[in-house]
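Enquirer: I would like the entire structure built from these sequences, with the hints used as guidance.
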Amino acid sequence: MKIFVSFILFLCYVAVSAQRFSAQELQIKIKAASSDTQKINLLNELFYSINESNNDTALIIAEEALALSVKTNYIRGQAAANNNVGSIYYYQGNNTKALTYYLTAVKLLEDEQLKNGKEKRVYQKQLSSTYNNIGTIYQRQKMYDKAESYFRKSIAIDEIIDDKIGLSHCYNNIGTIKEETNKYDEAIENYEKSLQLKREANDTIGIPSTLINLGVIQMNRNKFKEAQSYFEQALVLTKHYNDLQDEALVYVNMGDLFYLKKK
3 MKIFVSFILF LCYVAVSAQR FSAQELQIKI KAASSDTQKI NLLNELFYSI
53 NESNNDTALI IAEEALALSV KTNYIRGQAA ANNNVGSIYY YQGNNTKALT
103 YYLTAVKLLE DEQLKNGKEK RVYQKQLSST YNNIGTIYQR QKMYDKAESY
153 FRKSIAIDEI IDDKIGLSHC YNNIGTIKEE TNKYDEAIEN YEKSLQLKRE
203 ANDTIGIPST LINLGVIQMN RNKFKEAQSY FEQALVLTKH YNDLQDEALV
253 YVNMGDLFYL KKK
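Counting in our numbering, the final residue of the sequence shown is number 265, and the numbers go up one at a time with none missing.
Calculated from the structure, these hints are not laboratory results. Be careful, since some hints might not be right.
Claimed, not checked - Each pair of labels, with its calculated beta carbon distance range:
no.: 1; residue 1: PHE23; residue 2: ILE62; range: 13 to 23 Å
no.: 2; residue 1: THR183; residue 2: ASN97; range: 12 to 22 Å
no.: 3; residue 1: THR206; residue 2: ILE52; range: 14 to 24 Å
no.: 4; residue 1: ILE162; residue 2: SER231; range: 28 to 38 Å
no.: 5; residue 1: PHE260; residue 2: LEU116; range: 48 to 58 Å
no.: 6; residue 1: SER231; residue 2: GLN40; range: 44 to 54 Å
Unchecked claim - The calculated BS3-like cross-link candidates involving lysine-lysine, where the alpha carbons are at most 27 Å apart (straight line), are:
no.: 7; residue 1: LYS263; residue 2: LYS185
no.: 8; residue 1: LYS195; residue 2: LYS241
no.: 9; residue 1: LYS185; residue 2: LYS144
no.: 10; residue 1: LYS225; residue 2: LYS264
For each residue, glycine too, the CB sits at the ideal point set by N, CA and C.
Expert: Spelled out as structure tokens, the structure:
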């Protein structure tokens, strides 16, 4: 039986304001953009806004942002666009193409950070996100040591900038590695760290993925009551936030659980 766990990918955009806009509002703002830099930032944000609902359009937007940022030599925009194009290929299962775009983003950010001095933190969140995404590719390829090394790079940055949500995602992803390699105690330790950080950050939308993974661990250990409790907690949250992907994942694992219980 195939057990399904949840690991987390980051999409990237360079925020132009603290306020989040709808896709329609962003399209209006893009037409009215007063500079190429502003337009690139808005295109990357639009990608983030529509990616889950329309991958094909999102790819066109990310490629437009990438072409314009290369033309204007806007490094942060290039890195975000490379990361976003990579995420499309990631979800299509094209690991080679996804990794190419992620590694390009990392090279741009690392070079720029060196130019501006190691104390400059402007690129750190983007670097952290891209390190995490590279880790997910290597994990898919079962290159577990390499995957974990990139998750640890992401953690090192997130600790410096005190990004609890970023940390929680990385610990969740390391937990999936430990689970895939049957190191269940280490998996639980990482999942529990992830869950604690998500609760501290009030990341209620992100909590279900880690609850699902804790449920899968308990199911693997034949602790069915505990597994069902985790799945039911996750289901309440996924329904509340209309998170269809994780809700589907809960149902798949609940089906496996009842199968194992011979129900």
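Enquirer: Run every hint past the structure and note whether it holds.
Expert: A quick look at each hint next to the structure:
Distance hint check: the CB atoms of PHE23 and ILE62 are about 19 Å apart, consistent with the given range 13 to 23 Å. In this structure the hint that THR183 and ASN97 lie 12 to 22 Å apart at CB holds, the actual value being about 19 Å. For THR206 and ILE52, the Cβ-Cβ distance of about 23 Å falls inside the hinted range of 14 to 24 Å, so the restraint holds. Against the hinted window of 28 to 38 Å, the Cβ-Cβ separation of ILE162 and SER231 comes to about 36 Å, which satisfies the hint.
In this structure the hint that PHE260 and LEU116 lie 48 to 58 Å apart at CB holds, the actual value being about 54 Å. Remark: the range hint 44 to 54 Å for SER231 to GLN40 is upheld by a beta-carbon distance near 48 Å. Distance check on the hinted pair: LYS263 and LYS185 sit about 24 Å apart at the alpha-carbon level, within 27 Å; holds. Restraint check: the Cα-Cα separation between LYS195 and LYS241 comes to about 24 Å, which is no more than 27 Å; the hinted pair holds.
Restraint check for LYS185 and LYS144: the C-alpha separation of about 15 Å stays at or below 27 Å, so the hint holds. Of the pairs offered as hints, the one joining LYS225 and LYS264 holds, with about 14 Å between alpha carbons and a cut-off of 27 Å not exceeded.
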